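Now that you have both chains on their own, put them together as the hints suggest.
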Amino acid sequence: MQAPTRLTFAHLKYLTLAISLLFSLVVMGLNQRAKIQLAKAGSLAFIPAQRLLFYLVRMGEIYAENRKLRLMNTQLSLEVERTKGLKEENQRLRRMLNFKERAPFQLIPAEVIGRGPERATKSIIIDGGGDEGIEVNQPVISVDGLVGRVIKVGRKRSTVLLLLDPDCKASSLVERSKVYSIMECDGERCSLKGVPLYADVQEGDRVVTSGWGGIFPPGLKLGVVKKVFSENSALLKGVEVQPIVDFTSLKEVFILQGGPG
Amino acid sequence: MAYKLIKYLLLFLLTTILQSTVAAILSIWGIKPDLLLLLLFYISLKEGPIWGAGWGFVFGFTIDSAYAPLQLGIGSFSKVCFGFLAGNWGDKIYLETPQSKGLFLFSLVTIHDILRYGMGKLGNPGLAFWYPLLTKTLPTAAYTAILGTIVYWLIKRQTEKGYIIGSLRGKGETERGI
Numbered sequence: 001m002q003a004p005t006r007l008t009f010a011h012l013k014y015l016t017l018a019i020s021l022l023f024s025l026v027v028m029g030l031n032q033r034a035k036i037q038l039a040k041a042g043s044l045a046f047i048p049a050q051r052l053l054f055y056l057v058r059m060g061e062i063y064a065e066n067r068k069l070r071l072m073n074t075q076l077s078l079e080v081e082r083t084k085g086l087k088e089e090n091q092r093l094r095r096m097l098n099f100k101e102r103a104p105f106q107l108i109p110a111e112v113i114g115r116g117p118e119r120a121t122k123s124i125i126i127d128g129g130g131d132e133g134i135e136v137n138q139p140v141i142s143v144d145g146l147v148g149r150v151i152k153v154g155r156k157r158s159t160v161l162l163l164l165d166p167d168c169k170a171s172s173l174v175e176r177s178k179v180y181s182i183m184e185c186d187g188e189r190c191s192l193k194g195v196p197l198y199a200d201v202q203e204g205d206r207v208v209t210s211g212w213g214g215i216f217p218p219g220l221k222l223g224v225v226k227k228v229f230s231e232n233s234a235l236l237k238g239v240e241v242q243p244i245v246d247f248t249s250l251k252e253v254f255i256l257q258g259g260p261g
Numbered sequence: 262m263a264y265k266l267i268k269y270l271l272l273f274l275l276t277t278i279l280q281s282t283v284a285a286i287l288s289i290w291g292i293k294p295d296l297l298l299l300l301l302f303y304i305s306l307k308e309g310p311i312w313g314a315g316w317g318f319v320f321g322f323t324i325d326s327a328y329a330p331l332q333l334g335i336g337s338f339s340k341v342c343f344g345f346l347a348g349n350w351g352d353k354i355y356l357e358t359p360q361s362k363g364l365f366l367f368s369l370v371t372i373h374d375i376l377r378y379g380m381g382k383l384g385n386p387g388l389a390f391w392y393p394l395l396t397k398t399l400p401t402a403a404y405t406a407i408l409g410t411i412v413y414w415l416i417k418r419q420t421e422k423g424y425i426i427g428s429l430r431g432k433g434e435t436e437r438g439i
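As you go down the protein sequences, you meet chains A and B in turn.
Read in our numbering, the first sequence has 31 at position 31, and its numbers run on one by one without any break.
Read in our numbering, the second sequence has 363 at position 102, and its numbers run on one by one without any break.
Extracted from the complex, chain B is given alone in its bound form (with noise of 0.2 Å):
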């Protein structure tokens, strides 16, 4: 459990890092994947719907109190939701090979993203939603799940290969025994 807490913490400062250097030269027209977020992806399909909400709510609210203090609950808010949803469904919908998952990936940085501006504009009504949306939000899901697809194809060819063991399946995957 301890390991696992420590695990999960390094690699978050890890990909925060990653996220303002590696996603920057990854950038295409401005549109960097969301790497915070395919982290809890991954640990809320190999943990389950706690942790996934439980990282949710400490990845949203440790990088809005960095970054954005002043919407400081959006983000744990949204990633709560997203961790939770994944953990949850990830145990519901077969997800077998790469593409599922980054589909699946897909529809929830969406839904992400719509309950991010969506609170955001509840607190400010000024605030653009459609525009964001549809120049951001989409292209970033696509963007980020087609890195996760990869991710995980490239994990499942190395397990299939038998240099990771286990690490690909998640709770849901153990569970049911594939």
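Excised from the complex, chain A in its bound form (with noise of 0.2 Å):
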């Protein structure tokens, strides 16, 4: 009763191993076109499942490569941040080095720490005070000009009243014509005052301190005349000078010692 189901086995098993081996025979023997052509039907479910597969499997792994990947972006991002800022403040401060070496006076530098919460007072604080030797009244500059005068220190703190306030004036002089005046703001734009209607002043002329004042030096830069205009006076000629320092990203200043403040 087992041996026709032997001789079946054996024959299916043999069958099998000739079908199989057959048609693999067949196609080694067809032309190159037909077996790519049969390639891609015989790959064609098996690549996309295999790929399929592959994402599941690493679906774990994937997801954590992932975290971590964004984890490092941020990181990355962060140190980048940090790194322009780095390169801007180091390029500042080799600008203010050089400033430093060509200045005729003896600079403290500082940094600055605050701004005056008040609207209508243009002030700033820096983070030098008596223990460096900041005094009243000494000029406070920066790399591009005069930016205002101490006008309060603490051990460690002073306080600087910007050239925008009303109440910094300061001695100017034209530096092409040599026409004297006095600068002054009224927060938000300066002008100069007394200036003659006869006065040679021209737009784009540069403003310098005079030295007259008595609290900063002469020759710092002040600003560039931006606009002459008539006033409604006989005797004297409007003059708006475009402050050549911006007082909205100031870092660094220096105190001037030795001037006649």
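Rather than coming from a laboratory, the hints here were simulated on the basis of the structure.
Remember, it's a predicted structure, so these values are computed and weren't measured experimentally.
Among the hints, a few may not be true.
[Unchecked claim] DSS-like cross-link-like pairs, simulated, lysine-lysine; straight-line CA separation at most 25 Å:
| # | chain 1 | residue 1 | chain 2 | residue 2 |
| --- | --- | --- | --- | --- |
| 1 | A | Lys226 | A | Lys193 |
| 2 | A | Lys237 | A | Lys152 |
| 3 | A | Lys13 | B | Lys265 |
| 4 | A | Lys13 | B | Lys353 |
| 5 | A | Lys178 | A | Lys221 |
| 6 | A | Lys178 | A | Lys237 |
| 7 | B | Lys268 | A | Lys13 |
Structure below.
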């Protein structure tokens, strides 16, 4: 009873072998083009299925890797920002160093650590005080030009009144035509006061300190003449000046020692 | 039947992934174990020569279709022989210990590669035969056999502890009641 079953199994076994080998040999005998066509069909389901399984198997790994990469990305972004800040600081300090070497006065470097909260008062707080030898009324400059003067001194901190403040007037000189006047600001705009109608002042003229006021030494850059216009006066003309210092981005300043102040 | 088909199909896909990932990690001097042949060996021993030949054809044809279309047919031919011989001789040879299975696997991988390179050389006489046989085939066969021995030893150990029931036993072994 078992003999036919064994025979069937043996037949089936060799039949499978024969068919598989025959099919393989037939495929081997095909030309390249036919092989490629057949291979396309053969791998039609395999490659997407393999890829899908690959992602499923690696899902946890991909998730962990993704988290790690996100974290790394955040850290790198922060690092880039920090480096950018350091680069800018480095450039600024280089300019300041260069300026310090050229300046004829003794300079005390200080960093801006605060700005006056009052809108009406234009002042900044710097991280230098009496301990560094800073005194009231000493001129404060940046690499660009005059910033203002010291109005209050603590041991470690000082308050500087900016040139923009109406109380911070500076005796000035139009460099090209040697016209003397007083530069004062109203908090936003600055102008030269007491310029005679006949005075030779033109747009683009550079304005520096004259040294007459007794606080600021001569030759510190104040600004550039922006606009010249007729005032309601028969004797004087209006001169608007664009300050040379960008007061909104002040970071490091110098306090001048040994000047007229 | 359908369950087995799906199971082996998934195992096949998984092994192809492992072959390109884990096998590369296990590589020693550029020699990697052939995990696909190891799987085919396992299926053939467990299910017999019909399944061995059938899956050998599927493995060979699919892999050649995806990665070596110009050699289409050679892979299926050599793997059909491998699967059939493993399933057929596995019934006849006494393969109780993992070491004996490893030795058997070594012989079959060598035969598989001889067929593979031999058929390739028939189609292209310019192809080398002895050099890859000596530098690739024998080390690969040895490595695969060692890995197979370890796998079978692990399965045997787990079976003895009662964690796995019946999975170690091949068709012949089951028939013999071992």
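Okay, the hints, checked on the actual structure:
{"no.": "1", "hint": "A:Lys226 - A:Lys193", "verdict": "holds (14 Å)"}
{"no.": "2", "hint": "A:Lys237 - A:Lys152", "verdict": "violated (35 Å)"}
{"no.": "3", "hint": "A:Lys13 - B:Lys265", "verdict": "holds (19 Å)"}
{"no.": "4", "hint": "A:Lys13 - B:Lys353", "verdict": "holds (15 Å)"}
{"no.": "5", "hint": "A:Lys178 - A:Lys221", "verdict": "holds (14 Å)"}
{"no.": "6", "hint": "A:Lys178 - A:Lys237", "verdict": "holds (16 Å)"}
{"no.": "7", "hint": "B:Lys268 - A:Lys13", "verdict": "holds (22 Å)"}
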